[in-house]
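Visitor: Spelled out from the first residue to the last, the chains are:
Number of protein chains: 2
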Amino acid sequence: MAENSPFLYEQIAGNIAGLIARGTYRTGERIPSVRQMSKQQDVSISTVLQAYLLLESRGLIEARPQSGYYVRAPEVDQLPEPGISSPGPDPSRVSLHELTMMVIRDTLNPNLVQLGAAMPNLELLPTDRLNRIVARLARNSGAEAHQYQLPPGLPELRVQIARRAVHAGGQLSPNDIVITSGGIEAIDLCLHAVCKPGDIVAIESPMYFGTLQSLEVHGLRALEIPTHQRDGISLEALQFAIEHNPIKAVLVISNFNNPLGSCIPDEKKKELVELLARHDIPLIENDVSGEIYFGDKRPSVAKAYDTKGLVMLCSSFSKDISPALRVGWTAPGRYRSEIEWLKFTSSAATATLPQMAIAEFLETGGYDHHLRHIRREYASNVARLSQAVMRYFPPETRVTRPAGGFVLWVQLPGAVDSLELYKKALENGITLTPGYLFSPTNQFSNFIRLNAAAWTYPIERALERLGGMVAEMAG
Amino acid sequence: MAENSPFLYEQIAGNIAGLIARGTYRTGERIPSVRQMSKQQDVSISTVLQAYLLLESRGLIEARPQSGYYVRAPEVDQLPEPGISSPGPDPSRVSLHELTMMVIRDTLNPNLVQLGAAMPNLELLPTDRLNRIVARLARNSGAEAHQYQLPPGLPELRVQIARRAVHAGGQLSPNDIVITSGGIEAIDLCLHAVCKPGDIVAIESPMYFGTLQSLEVHGLRALEIPTHQRDGISLEALQFAIEHNPIKAVLVISNFNNPLGSCIPDEKKKELVELLARHDIPLIENDVSGEIYFGDKRPSVAKAYDTKGLVMLCSSFSKDISPALRVGWTAPGRYRSEIEWLKFTSSAATATLPQMAIAEFLETGGYDHHLRHIRREYASNVARLSQAVMRYFPPETRVTRPAGGFVLWVQLPGAVDSLELYKKALENGITLTPGYLFSPTNQFSNFIRLNAAAWTYPIERALERLGGMVAEMAG
Chain Z
0 MAENSPFLYE
10 QIAGNIAGLI
20 ARGTYRTGER
30 IPSVRQMSKQ
40 QDVSISTVLQ
50 AYLLLESRGL
60 IEARPQSGYY
70 VRAPEVDQLP
80 EPGISSPGPD
90 PSRVSLHELT
100 MMVIRDTLNP
110 NLVQLGAAMP
120 NLELLPTDRL
130 NRIVARLARN
140 SGAEAHQYQL
150 PPGLPELRVQ
160 IARRAVHAGG
170 QLSPNDIVIT
180 SGGIEAIDLC
190 LHAVCKPGDI
200 VAIESPMYFG
210 TLQSLEVHGL
220 RALEIPTHQR
230 DGISLEALQF
240 AIEHNPIKAV
250 LVISNFNNPL
260 GSCIPDEKKK
270 ELVELLARHD
280 IPLIENDVSG
290 EIYFGDKRPS
300 VAKAYDTKGL
310 VMLCSSFSKD
320 ISPALRVGWT
330 APGRYRSEIE
340 WLKFTSSAAT
350 ATLPQMAIAE
360 FLETGGYDHH
370 LRHIRREYAS
380 NVARLSQAVM
390 RYFPPETRVT
400 RPAGGFVLWV
410 QLPGAVDSLE
420 LYKKALENGI
430 TLTPGYLFSP
440 TNQFSNFIRL
450 NAAAWTYPIE
460 RALERLGGMV
470 AEMAG
Chain U
0 MAENSPFLYE
10 QIAGNIAGLI
20 ARGTYRTGER
30 IPSVRQMSKQ
40 QDVSISTVLQ
50 AYLLLESRGL
60 IEARPQSGYY
70 VRAPEVDQLP
80 EPGISSPGPD
90 PSRVSLHELT
100 MMVIRDTLNP
110 NLVQLGAAMP
120 NLELLPTDRL
130 NRIVARLARN
140 SGAEAHQYQL
150 PPGLPELRVQ
160 IARRAVHAGG
170 QLSPNDIVIT
180 SGGIEAIDLC
190 LHAVCKPGDI
200 VAIESPMYFG
210 TLQSLEVHGL
220 RALEIPTHQR
230 DGISLEALQF
240 AIEHNPIKAV
250 LVISNFNNPL
260 GSCIPDEKKK
270 ELVELLARHD
280 IPLIENDVSG
290 EIYFGDKRPS
300 VAKAYDTKGL
310 VMLCSSFSKD
320 ISPALRVGWT
330 APGRYRSEIE
340 WLKFTSSAAT
350 ATLPQMAIAE
360 FLETGGYDHH
370 LRHIRREYAS
380 NVARLSQAVM
390 RYFPPETRVT
400 RPAGGFVLWV
410 QLPGAVDSLE
420 LYKKALENGI
430 TLTPGYLFSP
440 TNQFSNFIRL
450 NAAAWTYPIE
460 RALERLGGMV
470 AEMAG
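Chains as they are written, first to last, in numbering that gives the first Met the number 0: chain Z, 0 to 474; chain U, 0 to 474.
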């Protein structure tokens, strides 16, 4: 790429925004000089200068004469985070079926700017490498790739997953793991294994709508627990709920709740596991985005603190390797044989070739390098999207500061109905996810979730138009 | 292959046995002369002679002086078919969970002779061609292969499936079809879509155990309907059952019931559909083996007679193309949007690359040729296995004469318990499926199902040992 390319400027600006988003440089702090940054990013001084000018023009940094560039605070203060959620105390049936499928169908429309579904950015996926692996496997594996891999699934893949789990504090053996067709199937099987129709499941609020749909399908009642936009589920509220309701399972997205981006601190995860162990309640832990952290180190999984086999850890490779290979897994503790049976009964097996491809990708060692790359990119894209919301949305708007993943949760001025906005946006060629979908009791009618996986010119323009619509609706 | 190879003799003998099994030559009829057969099979006269001698030594044909070779009857009469099933009149909860998983785990053991699971013969699958297709797709498709294909699934594949359905009398549009992760998922989603826990589902008896497991998982009650070993479900009994029970769905394997090998005649399929239409009851139709017919023409699907959108046709490519690509589908009539929602909720999507590979395989035209080949082979293997049962099992044994597919259903002498035999066989390195698994009310304790997909020397020896065990247990 030419040194004077505007794309390069954008890229470097994005990198720097990412460093700020990850907390490497904090509000009010001085960022490295143009010269230092030029060395650090290995680009010319004029490129860094252009990138700093871009960031300055967007209100993210400011030049102070004789001193250097500083991370700006004021605009961030104008867009505070949403507060902790405060759902009602009673469990409720879930029924968001039609609206969910409407939003899902939007994602099939290539003419829309896709801010709706939480799809990973395809350009950040290691597709070339995966395709080479698949081609090689197809050439060399003969009939092996066409042989059923009945539950628990391909042994080589389970070995690789057990090795990776060490990074998240999990002490898993390959025999603890059951391969599933993506993380959604893992969660669905776990819910099915420990609950029967009518049972109550305590969940974070807001909660990813796919999981709410799973509750609806199984006839379960959701008990929404207040959830902090940074630290996740409130243990005090959960304890109260457990003492007053016959809760059969608790479900959390421990690392980077979708849509909040919250991360339960490791010490709190331990407390959560201990609390549930005292009441003998299984914890279904969704960690699908756990590898996409913006901080310095991989947060643990709650499973790391599980001594009673009550934690059912679920994850997948859909967010960081390939959404369409549909490979996920669960380490369901004491419920393993039940999960194997349910997996066999509902879909017999997960496709073999995708399992072989993921196993090979994990084994041949590019995974860590790839993850470092996409963490940087996602942090940067989340920061840019957040800045764009800041720039184009009315000042009463609030937005989360995710610790990982690639979605933003935006609280609109009170008068704005997210379903109205969804419809208006659709007419204007933009899709987003209305807050209605994230609570069975309609806690979030003036919230929207934005997919921040990609940052492009059309996306910036779409946010500008969206901001105009919100301002108009806010009156 | 050398002209004087014993393998070649076996192969030709198998081909001829297949012709007899398919009814091309019937009991008592003269088969073509050695010279005619030599032309027809394009092998030398001495090869045909050797093949005829093999068949004669096995009691399948007999030489009549001055006349030629005839299809023998007597031994066939010694091994009659099992009678029509006669289950009790009441619906019952299903609970065969542990035994089923035990049998499933056997299939993961490469040291056993596999007569248990109904696995297709890997050597008959078009793995080389599929692997070439996969390799080419991986090289050329870029990120496309890693993009979600949310329900209803890959458009190109749905087009191909709709085209194929014409052969079975189905008038499907691509929009009628929802792609699933194998046929088992299709059936499971259909059951889930039309029934709630406690509901009664009428099924053929015996019924494939995976489907019984699906009933168990969803808390449904099975009402077993007497089923004829050739013509399938009894309509009289079904009508009676409908008039006396609040049946919420009927489930049949219309073409080549597993384990019976029965095929509901097309005219009877029409009556079945009309009967259910009068009572507004959905029919879940499993047609996974429909393409593996031994007769002259593809039997229809019941869906062909569906005018009210009540038939939910389910099929897959697991029996004839690849079990491990896990690609199936359903055409669920009026329940389509419900099925799309359930599919999204339980596993989001089916893997994309397998869908692309199957679509390409279907489109590039080798499918018909391939099917002709495997129909011949399966018919031959089923005939050989059947003859081996005839030869090695006690004379009171009865065995089905399947019209397609690749399983045999064997009724053992009354005193023989199939679970005892299963255990004894396992100790001797052989796995089979005990009849217990095919009925929730234990109708078939002295039956076993044998997978007849392959015919090898170890399989023949295993049947000999098995026959010895049965004889011993029969006392």
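Just so you know, the hints here were simulated from the structure itself, not pulled from any lab data. Any given hint could turn out to be false.
Stated by the list, open to error - No more than 27 Å apart at the CA atoms, straight line, and that leaves these computed lysine-lysine pairs for BS3-like:
no., chain 1, residue 1, chain 2, residue 2
1, Z, K247, Z, K296
2, Z, K195, U, K38
3, Z, K247, Z, K267
4, Z, K269, Z, K247
5, U, K296, U, K269
6, U, K247, Z, K195
7, U, K38, U, K296
8, Z, K247, U, K195
9, U, K269, U, K247
Visitor: Which hints, by number, does the structure contradict?
Guide: Numbers 1, 2, in rising order.
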